[in-house]
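Undergrad: Residues per chain are reported as follows:
Protein chains: 4
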Amino acid sequence: MKSRIRFLKDLDPISLKDPILIQGLPGVGNVGKLGVSHMIQELKAIYFAELFSYTFPYHVLVNNDGILRLLRNEFWFSQLSKSGGKHDVIFITGDYQSQTPEGQFTIVNMILDLAEKYKVSQIYTLGGYATGSVSKYPRVFGTATSLSLIKQLKDEEIEINESGGPIVGASGLLIGLGKMRGIEGACLLGETSGFMADALSAKVVLEKLIKLVEIELDLGPLAIKAQNLTKLIDQMKQKQRHRPGTRRQESEEEKDDLSYIG
Amino acid sequence: MKSRIRFLKDLDPISLKDPILIQGLPGVGNVGKLGVSHMIQELKAIYFAELFSYTFPYHVLVNNDGILRLLRNEFWFSQLSKSGGKHDVIFITGDYQSQTPEGQFTIVNMILDLAEKYKVSQIYTLGGYATGSVSKYPRVFGTATSLSLIKQLKDEEIEINESGGPIVGASGLLIGLGKMRGIEGACLLGETSGFMADALSAKVVLEKLIKLVEIELDLGPLAIKAQNLTKLIDQMKQKQRHRPGTRRQESEEEKDDLSYIG
Amino acid sequence: MKSRIRFLKDLDPISLKDPILIQGLPGVGNVGKLGVSHMIQELKAIYFAELFSYTFPYHVLVNNDGILRLLRNEFWFSQLSKSGGKHDVIFITGDYQSQTPEGQFTIVNMILDLAEKYKVSQIYTLGGYATGSVSKYPRVFGTATSLSLIKQLKDEEIEINESGGPIVGASGLLIGLGKMRGIEGACLLGETSGFMADALSAKVVLEKLIKLVEIELDLGPLAIKAQNLTKLIDQMKQKQRHRPGTRRQESEEEKDDLSYIG
Amino acid sequence: MKSRIRFLKDLDPISLKDPILIQGLPGVGNVGKLGVSHMIQELKAIYFAELFSYTFPYHVLVNNDGILRLLRNEFWFSQLSKSGGKHDVIFITGDYQSQTPEGQFTIVNMILDLAEKYKVSQIYTLGGYATGSVSKYPRVFGTATSLSLIKQLKDEEIEINESGGPIVGASGLLIGLGKMRGIEGACLLGETSGFMADALSAKVVLEKLIKLVEIELDLGPLAIKAQNLTKLIDQMKQKQRHRPGTRRQESEEEKDDLSYIG
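Chains as they are written, first to last, in my numbering: chain A, 197 to 458; chain B, 197 to 458; chain C, 197 to 458; chain D, 197 to 458.
The hints are simulated quantities; they were obtained by calculation from the structure and are not laboratory data.
Wrong hints could be hidden among the right ones.
Given that identical chains are not distinguished, each listed pair holds provided it fits within a single copy or across any two copies.
The calculated lysine-lysine pairs, modelled on DSSO-like cross-linking and capped at a C-alpha distance of 30 angstroms, are [said to hold, decoys possible]:
| hint | residue 1 | residue 2 |
| --- | --- | --- |
| 1 | K205 | K350 |
| 2 | K350 | K315 |
| 3 | K407 | K433 |
| 4 | K205 | K347 |
| 5 | K433 | K278 |
| 6 | K350 | K282 |
| 7 | K375 | K421 |
| 8 | K427 | K213 |
| 9 | K404 | K278 |
| 10 | K278 | K240 |
| 11 | K198 | K313 |
| 12 | K375 | K313 |
| 13 | K404 | K313 |
| 14 | K205 | K375 |
| 15 | K213 | K435 |
| 16 | K315 | K205 |
| 17 | K421 | K198 |
| 18 | K315 | K198 |
| 19 | K435 | K282 |
| 20 | K198 | K375 |
This is chain A alone, in the form it adopts within the complex (with noise of 0.2 angstroms):
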């Protein structure tokens, strides 16, 4: 068995009502993972399972009281119908996506196992659109496995994604994978210069997600940090600005003040 999923907690499949999941795995821009990893803070969800596998790489990881522990994927779920939500929610996020093809659709398919032991209607994958620049108003593309949830992300202005172009990792994939069993799902990807874990990024894609599928969410925590992020970014821009030096060299500069934020 190449990789497994490791119960936490025996959550009954029946306990959840009209379970939609939600997926943000480390990727372009870190959009997808600090979507999730503030759904799950804000909404108290409960962590349950976790998958290892061996198309991880062959490192491990050391918390802060210097546990050491294995790389992995996380599942949690909010029981939001309790109050007065339309879905119960399971969310993904994890330190590490597979590299290798053959790691990507295993660990897809194992996520998909568990949508359908849990009777998942619905999949969202958020993700990061890298576009080199940073911009101050990001956009949401969004591309879907069914005309009436394209039509759905339409009527919430996020923009199709119709370049024919390839979306790259587990985002793509579980949404693609999950039709061929017969589970809709849409894969939300906000714009990113690429160069940085983007706040700003997460937060539109949650903007526009939440609207979705009708979840109530504090943005708050989020937009503190997209806006730390964005005087940190005018600050750097205003010592390049002010630095004495050719043009060359601020240029130069400018490359290492723009390297990745993480």
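Since the structure of chain A is already known, use the hints to place chains B, C and D on it.
TA: Frame of chain A; chains B, C and D shown alone:
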């Protein structure tokens, strides 16, 4: 299961009359895919099965309507015998061919399982042969797995590939492994620069193929594509001639202009 | 079967008293392998099993007598309890550690199967932590899979690895996967330049280890190796100081001199 | 099944008298393949089986008659006992040796299955040892998996490989894994520049081999090839000496001239 074929139509094997298989996948100059796609369109072939594989890369595509789909290879059929043709034909094309030995061997064997199921008697694979320079009169090279087919290729003035050199990818493997199962095959390679999707090369390959397998086919639309491509190349060359600049600059521009035209 | 363990002695599991497992494989500064090899020699451990694997590279080694042998990992045991020790010990070292995720996970799981068979209660893995510069007083960093072990590490003044950074290779995976089977473990990493097989780093790691696991061990031979290495480095540095030449030349010489000393 | 052996002749295992196996595959200086191919030709060996593998690259070859075929390893036999020889011989050569650990281990084990079936008592593998410079009197190095064979190698003045260094590829693995099955073996490596297919190195290896295994073999044709190669190298060297030009230019030309001669 790393790869699987999904049938969209329940095509009864006995409903095909003496079928042959014609394959053209993405590759050098996209000659094979262009050729087979043209046949599928002109012969009003019917889409009946699709192959998905873990050995394809882990990305997905988005259609013009915004609908996301998995990478796939496609199976189409044409009952040409109903309008007096000698053979019914199964066509194979797709988004991608695997870039690993295991992927190639696995998929080719699944295609051969399908070929055996439908009692395919011959396999023709189409591809490109890169020369690095644009030719107005591209040649067609051939190889086969039986001396009788070699003779037929020579009769059609196809140049026999006697170099002993390797043929890379599915167009070689499919007929090589096909022979192990008692299905004879030929591989036709159109001369191409390798710098662009080459409709002219696809056209000359099809001219030879349709004589070999006695299929009537309108090559007009492909000829127009080829003419447009030729005009485009001529225009680019003229522009270069009239541009001022040092020789060094010209050669750099030429390099840019001759980059891949998809 | 991609990997297998061959038993050279029929070591009855019940013959070992409360065994612990200590692993040191080739890696950064070769710290782990040097340390465990020293323990094997000083404690007169007995060679009882060896592991071969498809996931090792496809080369073989030649012994001093001209005899060719496969790459392998080695299993040794020492019945320290017979001379009053608290634990019997199983040692693991070898020629190589796999450089693929699948190889690492497979082999680590086979080692854990063996550990379970012999009812191993704790696993200690040794390795190096590369800093890029030579230290005369290398530190020892530690991580573990239980808070009680973390406490013991702190009691021995081992610096707890709280960075959250990754630990690459078998020394992390073995205790990470071991915990999944209910075997607690710790990983000790000796500070090392990373430029040479570092006997001094191995010595300081063993100094900490033998207190943790209450083993008596003569570190004299390793101390001599470490002194010789230190002298060699000092000599190299002095030579550089007394050599005439521009600064540029000196820095190039230094680079040569500090290349890996195996 | 990732690899398979196809039998072309139903060679009864009991029909071979005390067979030994001699393998030479493509590799350094092509020494092994040149040597074994020469033996196959001179000893009129019979082609009886071929091995195909998913672990070979995904290309095919075209014969001189235009017929396409898969990459393969080849099995030939010679009943030398019928003309008074001490052993019958199974030869292995081929187009390719796998460049992945899994491919190498899998194929070598399939060859050993065949060796066991035919009750092979000894395995000899031939290869090249690259030194980077052309020698007129190339040496032969040897290693083996038993001390009795090491003694025989020494008796034939083969230099025993005592460096402890690795031997890469099938010539090492076959005898290393063979020993695990109780079949002893030796590996003979001819000194070679590594820049060309080296008939002289193949000749000196065969001179040693045929004494070890008591086979009569005409080395004349190989000697002629070796002389032609030596003449060619001498001519190239003389040309260089007589060419005008700066030292820098000469060294560049030499580099060109000494590129691989296949």
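Undergrad: Against each hint, give a clear statement of whether it holds in the structure.
TA: Structure-based check of all given hints:
1. K205 - K350: Close neither inside one copy (38 angstroms) nor across copies (33 angstroms); limit 30 angstroms.
2. K350 - K315: within (26 angstroms within a copy, 48 angstroms between copies)
3. K407 - K433: neither (34 angstroms within a copy, 54 angstroms between copies)
4. K205 - K347: Classified as between: cross-chain Cα gap 29 angstroms, same-chain 37 angstroms, threshold 30 angstroms.
5. K433 - K278: Neither, since 47 angstroms and 70 angstroms both go past 30 angstroms.
6. K350 - K282: Classified as within: same-chain Cα gap 21 angstroms, cross-chain 50 angstroms, threshold 30 angstroms.
7. K375 - K421: neither (35 angstroms within a copy, 36 angstroms between copies)
8. K427 - K213: neither (42 angstroms within a copy, 62 angstroms between copies)
9. K404 - K278: For K404 and K278, the Cα distance is within 30 angstroms only inside one copy (23 angstroms; across copies 53 angstroms).
10. K278 - K240: Within one copy only: 13 angstroms inside a chain, 55 angstroms across chains, cut-off 30 angstroms.
11. K198 - K313: both (20 angstroms within a copy, 22 angstroms between copies)
12. K375 - K313: So K375 and K313 pass the 30 angstroms test inside a copy (16 angstroms) and across (28 angstroms) alike.
13. K404 - K313: So K404 and K313 pass the 30 angstroms test inside one copy only (28 angstroms; across, 49 angstroms).
14. K205 - K375: both (28 angstroms within a copy, 18 angstroms between copies)
15. K213 - K435: neither (53 angstroms within a copy, 66 angstroms between copies)
16. K315 - K205: both (18 angstroms within a copy, 28 angstroms between copies)
17. K421 - K198: So K421 and K198 fail the 30 angstroms test inside a copy (37 angstroms) and across (42 angstroms) alike.
18. K315 - K198: both (25 angstroms within a copy, 25 angstroms between copies)
19. K435 - K282: neither (48 angstroms within a copy, 62 angstroms between copies)
20. K198 - K375: Cα proximity of K198 and K375: in one copy and across copies (24 angstroms, 18 angstroms).
Hints 1, 3, 5, 7, 8, 15, 17 and 19, counting from the list given before, are not met by this structure.
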